[in-house]
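K.L.:
For reference, the chains in residue letters:
Protein chains: 2
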Amino acid sequence: MSLLDYFRSSKKNTASTAKERLQIIVAHERRRRTSPDYLPQLERDILEVIRKYVDIADDQVSVTLEKSSDELSVLELNVTFPEDKRG
Amino acid sequence: MSLLDYFRSSKKNTASTAKERLQIIVAHERRRRTSPDYLPQLERDILEVIRKYVDIADDQVSVTLEKSSDELSVLELNVTFPEDKRG
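Chains as they are written, first to last, in UniProt numbering: chain A, 1 to 87; chain B, 1 to 87.
Hints were generated in silico from the structure; no laboratory data involved. This one's a predicted model, so the numbers in the text were calculated from it and none came from an experiment. Certain hints may be false.
Identical chains share a label here; the pair holds if one copy fits it or two copies do between them.
For lysine-lysine, the following PhoX-like pairs were computed, each having C-alpha atoms within a straight-line distance of at most 25 Å [said to hold, decoys possible]:
{"no.": "1", "residue 1": "K52", "residue 2": "K67"}
{"no.": "2", "residue 1": "K19", "residue 2": "K67"}
{"no.": "3", "residue 1": "K19", "residue 2": "K52"}
Generate the whole structure from the sequences, applying the supplied hints.
P.N.:
Here it is in structure tokens:
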């Protein structure tokens, strides 16, 4: 399955809610367990960068940080905009 | 399939190459076709932010911007680090 298919299928689930959404995923695969894990700081920086383009209130963002092992971390940021916010 | 599963399966493919990888995906689902598409600028900004934490040469980055429709855009940034780059 391609990534585009992944998001297309997740789009279906919310098709009726008429919202604008922005989803950011950062996957960090480390070869050595000792290499630094900078995902938490990166999360804050990326949010700041997005705020240059759109207004995001803190309650519009949900953040998930998953670790499947010491070597793979996946950070997920979901931003949902109210329907009449844009346009 | 969860996102973590997605990345776990893509990790398998490169398990033998012993590299560190960073993958950033930005999916933007717009409700109105007229709302601005800021992904190209966001791409540059995110790369700049990552460079605060790691050195990235231009040839270590591959960028894909896919549009499945006017309403869904998926930006993918793949960064591969040389094996002995990190200590």
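K.L.:
Up to 25 Å between alpha-carbons, please classify K19 paired with K52: within, between, both or neither.
P.N.:
Result: close within a single copy only, 20 Å intra versus 33 Å inter.
K.L.:
My question is about K19 and K67: at a cut-off of 25 Å on alpha-carbon distance, are they close within one copy, between copies, both, or neither?
P.N.:
For K19 and K67, only the inter-copy Cα distance (18 Å) is at most 25 Å; the intra-copy one is 29 Å.
K.L.:
Measure nothing new, just compare the shortest in-copy and cross-copy C-alpha distances for K52 and K67 to 25 Å and report within, between, both or neither.
P.N.:
between (29 Å within a copy, 23 Å between copies)
Violated hints: none; the structure is consistent with every hint.
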